[in-house]
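2 protein chains.
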Amino acid sequence: MSKNKKLVQEITSMDVDFAKWYTDVVKKADLIDYSSVRGCMIIKPYGYAIWELLQSQLDSKLKETGHKNVYMPMFIPESLLEKEKDHVEGFAPEVAWVTHGGQEKLTERLCVRPTSETLFCEHYANDIQSYRDLPRLYNQWCSVVRWEKTTRPFLRTLEFLWQEGHTAHATAEEAQEETLKILDIYSDFCENILAIPMIKGQKTDKEKFAGALRTYTIESLMHDGKALQSGTTHNFGDGFAKAFDIQYTDKENNLSYVHQTSWGVTTRLIGALIMVHGDDSGLIVPPKIAPTQLRIIPIAQHKEGVLEKADELKRQLSQIVRVDLDDSDKSPGWKFSECEMKGIPLRLEIGPKDIEKGQAVLVRRDTREKIFISLDEVNEKVLQTLEIIQKELLEKARIHRNAHTYEAKNLEQLKSILEETPGFIKGMWCGDRACEDKIKEETGATSRCIPFEGESIGDICVCCGKPADKLVIWAKAY
Amino acid sequence: MSKNKKLVQEITSMDVDFAKWYTDVVKKADLIDYSSVRGCMIIKPYGYAIWELLQSQLDSKLKETGHKNVYMPMFIPESLLEKEKDHVEGFAPEVAWVTHGGQEKLTERLCVRPTSETLFCEHYANDIQSYRDLPRLYNQWCSVVRWEKTTRPFLRTLEFLWQEGHTAHATAEEAQEETLKILDIYSDFCENILAIPMIKGQKTDKEKFAGALRTYTIESLMHDGKALQSGTTHNFGDGFAKAFDIQYTDKENNLSYVHQTSWGVTTRLIGALIMVHGDDSGLIVPPKIAPTQLRIIPIAQHKEGVLEKADELKRQLSQIVRVDLDDSDKSPGWKFSECEMKGIPLRLEIGPKDIEKGQAVLVRRDTREKIFISLDEVNEKVLQTLEIIQKELLEKARIHRNAHTYEAKNLEQLKSILEETPGFIKGMWCGDRACEDKIKEETGATSRCIPFEGESIGDICVCCGKPADKLVIWAKAY
Ligand SMILES: [Zn+2]
Ligand SMILES: [Zn+2]
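Residue numbers (this note's numbering), protein chains in the order written: chain A, 191 to 668; chain B, 191 to 668.
Don't read these hints as lab results, they were simulated from the structure.
Treat each hint with caution, since some may be false.
A pair holds if it fits inside one copy or across any two, identical chains being indistinguishable in the list.
[Unchecked claim] Below, in silico cross-link-like pairs of lysine-lysine (DSS-like), each with a Cα-Cα straight-line distance of 30 Å or less:
1. Lys339 to Lys295
2. Lys217 to Lys441
3. Lys660 to Lys371
4. Lys478 to Lys258
5. Lys218 to Lys432
6. Lys218 to Lys520
7. Lys571 to Lys253
8. Lys253 to Lys390
9. Lys218 to Lys273
10. Lys339 to Lys273
11. Lys441 to Lys218
12. Lys218 to Lys258
13. Lys478 to Lys253
14. Lys273 to Lys295
15. Lys295 to Lys275
16. Lys547 to Lys560
17. Lys251 to Lys478
18. Lys547 to Lys571
19. Lys441 to Lys493
20. Lys258 to Lys210
Keep in mind it's a predicted model, so treat the numbers as computed, not measured.
With the hints as constraints, model all of the structure from the sequences given.
Rendered as structure tokens:
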């Protein structure tokens, strides 16, 4: 029991210091480790297994909707990065520069891709000739680098893993349709798989992507009341097409510029998982993204027949769920704590008395509810309970978010809400950049988005008091 | 028909210029494209789909044998790279150096990983404490960079995709066992999935990996008689463990160094596929790695009922194979050529007369054999034929390799064989590095390996004539 306590005691309580709790959890749940490379993380097997499940499930959705995977070079020549003016201004300050290859100094610097619009555009300019070549629906899974000053595992790292979709279309309408379609795919994915409810909306001009016409976002609320931008899609219009000369001949043999989009989600989503579902005992991983959905923990495993039964259950359950068996020589208490720390959604306890009675005990990670089940109905009960956990995690997160969504009529209200009960704050906005800047400066909150489900909670700007017809969600954000 | 001819005529014949044939095929089969980034390739959807099939099938084998995926940073600080002497000497001359992050000059240069031994070692030094932590069986899929002067798609590129396994074991025996186990997995994978026969053997000291105790290799023979190193596994002994201080306490509470291995295969394997199976009509992809295993080409598709039937067959076959349907408005001749260029193993032709007779025509890509089949037996015949193709491609490659494997007793023989009929050349070797150097210099051939299936074809060195008991396979290589 002392070891058991120790494992748990080593985590800071989230109410005491949320940031510390977060870094404790990523380490203790064995998601990552640090290395001597500043701001980069080692994603350990457990963390990477979550990423693989995320990747394979999202990849299926993208393939079902006609997207194809490709791989672009990781380097971008400086001259290529500079082709689109807004884009280079946005990214040049935060890229890593390769200046030497082997012993020689390069004649032109190469940056390690912070994102690959320029490479896709160069390729499309060569590869697209006629309307028959459209749409081009490409995606790639890779790592990218942005030279951040302060970093935090999963949330902001020098290097991170992501997918970046890059598409080219014949018309502005199709590009807009794609931009919104992907936003829906992201939002559905986050809700159904990660059990995180999302608000969909448009970014203000201040917050949009460097070079984009319009940027859309899905925003989620963390346990501490801060927002996390969880995925973005961008409609570029024909801006990049003009900068890179990507033209096609249409059916009437006229030359036209293509209309483009790009979109991405990153390892950040794992950060969201942690901060939405976790608690003071560690991680809570929704079943659909859990590398281990059920862990079997034998009780009094030295007693005759216990390990055999546990092993039999493991083989049986492995047909329907991702299951493992902890038959190590650690104490049950230690095993329970570790199972909780890793956020395994369900554990099954079985000991000599259970076997005698023909039963087992299921314990839910999220509610800690103990469910006594007959061994005849194990499969059914496990599947059922995992489904319930998946559903209730989403529900719980939605209730938390709704309970932390507020309205502010003026700057004073906005400030006091942020100080006392941080969360999403709805406030009307006049559309003036100056008001966004002022709110940021005085409160630390940024405009998260103009939500699609637009309502009106007034007609004057929360900042300047002038007429306003846009509802904005304001929040402090990661 | 003129378009059809054109597509084919644009490829150089392999007998005229093998190198040109190769680059023609990678472009025309839509595997890759070039970009403005020197020496790096764009892997297009068709090429990347082959890589995804390769990756998922090999990944399964590695997971089945207990290996877990992780992700390490892409950067290595110069001081970390320098920790193991042989390793840094081997790699430092060919790495890309990041010297600036954003606007600031870095205090220490970072290289873009050419391979990740140093990062894994640093991690293991932190992470491994006791015998309970062993073995550590980690793998990662990523891209690496080596600053090559001359490059060729898939075979030698500045950046390439690969998997790199890095393991740590309690004993020298276990490390050796792992090194050979992985070599078997690679060899079986190449034979069963890529239909490429491999020779397994050990590298000479000259050819072994920088920092390794022993390097093992699988070597294959290309259509032009050149060898291709297709995968390597390295036993490091405790050399890296000593350089990085990776120690564990054993059951008796003594401190011991771990024993390590590393191993990898790369996108190079796609180059092998092309050069082993391809012909003057383009690529030939073995069914198990083919993104499209069967393409349906309707004949006289404007005639009533043809497209409907073709579509029905596609839906039916999609349950059992990777199938597509070319219902574009191109001519059947053009479609046949494209199907051949992409190396789709099997095509199914169906026209009005076939439908009347209740039949279809299967055409094998490898032999061009036409097989008339009844529509009742489509599923069965398709599966059967794909199996036969997979088997016969391997057989054909094995026959080609065996027919191009020679024996040489002395340097003159070695030279004349290499000039007249290049291939694998067996020759005895005294073990002296000077002989390897001389052979390289005078003939261009290198020692590919000392094969496990060692035979003796003499007792004097093919180069110096002194006593020799090692059989070496010599060849010119990619
Ligand atoms: Zn205002
Ligand atoms: Zn010799």
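- Item | Broken hints, by number | none
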